[in-house]
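**Student:** Going from the sequence shown to the numbering used here is simple: count from 1 and add 20.
What the hints contain is simulated information worked out from the structure, not anything from laboratory work.
Bear in mind the structure is a predicted one, so any value in this text is a computation, not a measurement.
Don't take every hint at face value.
Ranges of calculated distance between the beta carbons of each label pair, as one might list FRET restraints [claimed, not checked]:
#1 76 - 137: 48 to 58 Å
#2 92 - 115: 32 to 42 Å
#3 90 - 65: 16 to 26 Å
Backbone N, C-alpha and C fix where the C-beta goes; we use that ideal spot for every residue, glycine too.
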Amino acid sequence: MILACFRAAGLLLGGTNQPVGPSAHPEAAVDVLGFATLVVGGFTACAEFGSYAFVHPVIRRLPAASHIEVEQGLLRTFGRVMPVLMTATLALGWPTRSPRAGRAGRPGGGGRQRPPTSPR
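Produce the complete structure using the sequences and hints provided.
**Tutor:** Below is the structure:
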């Protein structure tokens, strides 16, 4: 997938005579979208988990005044960044799961498809 992303961006020219760019690799647009979804969603989840698992246990041991000050700072920072990242994760993930052109969900197809209906 990453290789297809580089090929689509024209970054992998390594001596091949193959055409480069999005028209040469139509599946690359889906790969770039999937990669972006993975990166944004992974970063968001990592930030949330890291805060919960590593930051909060440390600040719980602080004196009350310091604890409140740090919590307020975290709320300001996360309050600005996380709504954008969470919305971006959903916005990026939606097209990769939506059925398109007879394929259900996955870029390679293979999803569950509706059986043909018989005329009555």
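**Student:** Each hint: holds or not?
**Tutor:** Against the structure, the hints:
| no. | hint | verdict |
| --- | --- | --- |
| 1 | 76 - 137: 48 to 58 Å | 54 Å, holds |
| 2 | 92 - 115: 32 to 42 Å | 37 Å, holds |
| 3 | 90 - 65: 16 to 26 Å | 22 Å, holds |
Going through the hint list in order, the structure satisfies each hint without exception.
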